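K.L.:
So the chains spell out like this:
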Amino acid sequence: MREPFLELIDIGKTYPGVVALDHVSLSVAPGEVIALLGENGAGKSTLMRVLGGVVAPSSGTVRIDGADRTGYTVTDAIAAGIAFVHQELNLFDNLDVAGNVFIGREPVFGGPLRLIDRATLRAKVRPLIARLAADFAPDTPLAELSLAQRQLVEIIKALSLNARCVIMDEPTSSLTLSETERLMQVIAGLKADGVSVIFITHRLNEVVQCADRAVVLRDGRTVGTLTRGELNPAAMIRLMIGRDLRSLYVPPAAPPGNIVLDVVDAITSTYPSRAVSLQLRRGEILGLAGLVGSGRTELARAIFGVEPLLAGGISLDGEPVRISTPRAAIDRGIYLIPEDRKGCGLLLDFPIAENISLPDLASYASLGLVDRSRETDNADRQRERLKIRATDVKMQVGTLSGGNQQKVVLAKWLSMRPKVLIFDEPTRGIDVGAKQEIYDMLRRLADAGVAILMISSDMEEVIGVSDRIAVMHEGRISGFLARSEFSEHNVLQLAVGHSI
Amino acid sequence: MQKKDLSLLILILVVGAVVAFINPRFLLVGNLSNTANQVGMFGIFSIAEAFVIIVGGIELAVGSVIALLGVLFIDLIVNRDVDWILAFFLIIAGGVAIGTMHGVLTTKMRIQPFVVTLCGLLIYRGAARYYTEDATAGFGYGASFPMLEWLAAGRTNVLGFPLPHSVVALVIVAGIAWLVLHRSVYGRYFYAVGKNEEAARYSGIRSDRVTISAYVICGGLTALSAVLIAMYTRSISPAVHGSFYELYAIAAAVLGGCSLRGGEGSIIGVVLGTILLQVLQNLVNLLGIPSSLNFAVMGTVILIGVLADQYFVQRRKRAPSARGQAAAEPAPASLERVNAE
Numbered sequence: 001m002r003e004p005f006l007e008l009i010d011i012g013k014t015y016p017g018v019v020a021l022d023h024v025s026l027s028v029a030p031g032e033v034i035a036l037l038g039e040n041g042a043g044k045s046t047l048m049r050v051l052g053g054v055v056a057p058s059s060g061t062v063r064i065d066g067a068d069r070t071g072y073t074v075t076d077a078i079a080a081g082i083a084f085v086h087q088e089l090n091l092f093d094n095l096d097v098a099g100n101v102f103i104g105r106e107p108v109f110g111g112p113l114r115l116i117d118r119a120t121l122r123a124k125v126r127p128l129i130a131r132l133a134a135d136f137a138p139d140t141p142l143a144e145l146s147l148a149q150r151q152l153v154e155i156i157k158a159l160s161l162n163a164r165c166v167i168m169d170e171p172t173s174s175l176t177l178s179e180t181e182r183l184m185q186v187i188a189g190l191k192a193d194g195v196s197v198i199f200i201t202h203r204l205n206e207v208v209q210c211a212d213r214a215v216v217l218r219d220g221r222t223v224g225t226l227t228r229g230e231l232n233p234a235a236m237i238r239l240m241i242g243r244d245l246r247s248l249y250v251p252p253a254a255p256p257g258n259i260v261l262d263v264v265d266a267i268t269s270t271y272p273s274r275a276v277s278l279q280l281r282r283g284e285i286l287g288l289a290g291l292v293g294s295g296r297t298e299l300a301r302a303i304f305g306v307e308p309l310l311a312g313g314i315s316l317d318g319e320p321v322r323i324s325t326p327r328a329a330i331d332r333g334i335y336l337i338p339e340d341r342k343g344c345g346l347l348l349d350f351p352i353a354e355n356i357s358l359p360d361l362a363s364y365a366s367l368g369l370v371d372r373s374r375e376t377d378n379a380d381r382q383r384e385r386l387k388i389r390a391t392d393v394k395m396q397v398g399t400l401s402g403g404n405q406q407k408v409v410l411a412k413w414l415s416m417r418p419k420v421l422i423f424d425e426p427t428r429g430i431d432v433g434a435k436q437e438i439y440d441m442l443r444r445l446a447d448a449g450v451a452i453l454m455i456s457s458d459m460e461e462v463i464g465v466s467d468r469i470a471v472m473h474e475g476r477i478s479g480f481l482a483r484s485e486f487s488e489h490n491v492l493q494l495a496v497g498h499s500i
Numbered sequence: 501m502q503k504k505d506l507s508l509l510i511l512i513l514v515v516g517a518v519v520a521f522i523n524p525r526f527l528l529v530g531n532l533s534n535t536a537n538q539v540g541m542f543g544i545f546s547i548a549e550a551f552v553i554i555v556g557g558i559e560l561a562v563g564s565v566i567a568l569l570g571v572l573f574i575d576l577i578v579n580r581d582v583d584w585i586l587a588f589f590l591i592i593a594g595g596v597a598i599g600t601m602h603g604v605l606t607t608k609m610r611i612q613p614f615v616v617t618l619c620g621l622l623i624y625r626g627a628a629r630y631y632t633e634d635a636t637a638g639f640g641y642g643a644s645f646p647m648l649e650w651l652a653a654g655r656t657n658v659l660g661f662p663l664p665h666s667v668v669a670l671v672i673v674a675g676i677a678w679l680v681l682h683r684s685v686y687g688r689y690f691y692a693v694g695k696n697e698e699a700a701r702y703s704g705i706r707s708d709r710v711t712i713s714a715y716v717i718c719g720g721l722t723a724l725s726a727v728l729i730a731m732y733t734r735s736i737s738p739a740v741h742g743s744f745y746e747l748y749a750i751a752a753a754v755l756g757g758c759s760l761r762g763g764e765g766s767i768i769g770v771v772l773g774t775i776l777l778q779v780l781q782n783l784v785n786l787l788g789i790p791s792s793l794n795f796a797v798m799g800t801v802i803l804i805g806v807l808a809d810q811y812f813v814q815r816r817k818r819a820p821s822a823r824g825q826a827a828a829e830p831a832p833a834s835l836e837r838v839n840a841e
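So the sequences go chain by chain: A and B.
Using this note's numbering, you'd call the opening residue of the first sequence number 1 and step up by one each time.
Using this note's numbering, you'd call the opening residue of the second sequence number 501 and step up by one each time.
Errors might be hidden in some of the hints.
The list that follows gives simulated cross-link-like pairs (lysine to aspartate or glutamate, EDC-like), each with its CA atoms no further than 20 angstroms apart [unchecked claim]:
#1 A:Lys-124 x A:Asp-193
#2 B:Lys-817 x A:Asp-193
#3 B:Lys-503 x A:Asp-349
#4 A:Lys-342 x B:Glu-649
Covered stretches of chain A (chain B as the covering partner; in silico rule of three or more C-beta atoms under 8 angstroms from a C-beta of chain B) [said to hold, decoys possible]:
#5 167 to 173
#6 357 to 363
#7 368 to 379
#8 484 to 491
Worth flagging that the hints you see were computed from the coordinates, not collected in a lab.
Bear in mind that the values here come from a model prediction, so they are computed numbers and not experimental data.
Every residue, glycine too, gets a C-beta built ideally from N, C-alpha and C.
Chain A extracted, bound-state conformation:
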């Protein structure tokens, strides 16, 4: 084993109220392939951002080639040969491959005119393309490339910067099987050239296939390192789980009733070959777990009529319904609280009261004119009921905290008659106190007969709040868990596509 050239020592990172990283250490030797594992929110991405110089650590040392670096920035990281292949690729659709690789560093001629020397540009990129055996030319427009090819462009860009360590954040999450195979070969090639690779992934087979070492993070701490011989899925999952979950669970007042929502063989555009079926009963909270990108949000959007359903059907109270717009869903009592609160859930510049009344504005109006006192009265009632912390319902929603904003979204739907409530990441970016209030409200709603589908990537939340859990993996439901089968182990197994 060669000496590590890159060391992260005792790295800590705290955000207000959250410890993202807690004394994490990681060292990288030339030509080493390291897999970084952990659940959503374990601190993997934060650690990589520290290494890439994007985030400054609160404590700890970054040591490169034996020298401690203080005030380490993105520029320092690039100079040290650390390259980041981003999850959402940072490339220009309107340029060709060579233009993207050398963006900001174009070879020029013509003195003060600074004309781009296109011939040199292409000549520089050509050997790099050959090195990865990529199937495109320097002058291929980026717009014509697939996602997998674009990833290669990012790697070529990294190599053109003489990268010694390439960081990839979930590089295979949206690749097909054969594309993934290609990427594994590319990683092996980099390794052979002495370039180190750190990749974050949830696909354990890939780790077994190509990693020299797997480092597992949990709640911002390193919980274990597995070397080549010890790499197997069971060992990795054992390390990823195992924290003590607080017991949040409040049992329902009565056993769940009839089936309210019946989704049969639903197919969405993201996974055109995978059908999803699930049933939601009156008074139950069904948790929908799975990794980011497993198709949960798409399913919710299809049920709510934002996205078309390519095939399959939805029945409500036993009757088949066709829902092609959110309006149609709302009129039937199916409400969605979206993941993107600021973009889709709220009008941030609008007052609280006007946000709450928006989906049902006609009922506040006579002769088409809005009765503002009725609107304000209802908003005041909802404010008290949900404990929205605002002095006045005329305040703009954008001035509230995340938790209070989420309560306003909830208040919109509670002013009406919910039958099915779909809650996509109910407590993302919300402080602990507001979280508990939202959980209490969910249980009260369920006890009042509402059927609740709760999409969540937060393990504690899924296990602590749901009456039943459905787990999705790459567009299909990989299993249902009854209360007695709830465990982090089981959810994770299903989420990575294994059976339990």
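Dock chain B against chain A, hints included.
P.N.:
Frame of chain A; chain B shown alone:
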């Protein structure tokens, strides 16, 4: 009335006072009445434009539509002996049809409104010129429509002031538009779609329909002003009639607090914006400024106005953070948007 509208009103009064001080002819009844007439005609299509801007669109064809529909209206009643009441409704229907087309093209076909209405601007102007073979359309000898002329271009003496009927029309239009925009369910939808179409959709608003109806309202109101302007000018040379009127409309809307990003603006503001533009026009005439500088003066005043507004917005934005716990303060900045009481 919003704070923004109030400051616009004060600006109008200040500019008016300065003009009156330098040239007292500004205050002559005849001059005021003529300026009011301009305000009436320009105000209606400025309100039309405001509807489209509030839903986040733009309508560039206003001037060309005024030329085309004006030519058609005169042709219908003068040359084709169509009853003027019927002709009036045909012209309004024409405006509505044009608006519907623009709305459908921008929403269902997903073409940018700037492009759609720019093409409209070129097409309708060309159509108007072709229709009259580039000749001036007007009322020949003996052609007389006393009732129509009185209604559209007449003036009624109110307490010694000859009040142009175009102003009466503007007051009615503005009153209804105010009720629709600031008090009705539909108005709330206009603002919601303009502000954040995605969030509006998630709240069950059929955003395409809302956007199309804004273009339809715009087309209908533009047609109304086309008739008023045709009856006022009495002769239309289709190559220049109504040229740049869309820019007057956009300027009035922007002065009146509309954001070209959509979701903002008030009817009172748009009317005040129209008044300011016409007073400036009058100022150029009365102060002996070369009329070639007309647009330059208007452009400068609008720019200064927008800059001043931006300055105050920034200051108000900075103020709360300096006070720290400002979340408890009621109604900051643009919250006054719909509180148009």
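K.L.:
So, for every hint listed, does it hold in this structure?
P.N.:
Evaluated hints:
Our distance criterion of 20 angstroms between C-alpha atoms is met by A:Lys-124 and A:Asp-193, whose separation comes to about 18 angstroms. At most 20 angstroms may separate the alpha-carbon atoms for a hinted pair to count; B:Lys-817 and A:Asp-193 exceed this at roughly 54 angstroms. Restraint check for B:Lys-503 and A:Asp-349: the C-alpha separation of about 17 angstroms stays at or below 20 angstroms, so the hint holds. Proximity of A:Lys-342 to B:Glu-649 is assessed by CA-CA distance (about 54 angstroms); at most 20 angstroms being required, the pair is judged violated.
Under a criterion of three residues with beta carbons nearer than 8 angstroms to beta carbons of chain B, the stated coverage of the stretch 167 to 173 of chain A fails, only 0 such residues being counted. Beta-carbon proximity to chain B at under 8 angstroms applies to 4 residues in the stretch 357 to 363 of chain A; the threshold of 3 is reached and the given coverage holds. Remark: the stretch 368 to 379 of chain A is confirmed as covered by chain B, as 3 of its residues place a Cβ nearer than 8 angstroms to a Cβ of that chain, reaching the required three. With 0 residues bearing a CB less than 8 angstroms from a CB of chain B, the stretch 484 to 491 of chain A misses the requirement of three and the coverage assertion fails.
Of the numbered hints listed earlier, those contradicted by the structure are 2, 4, 5 and 8.
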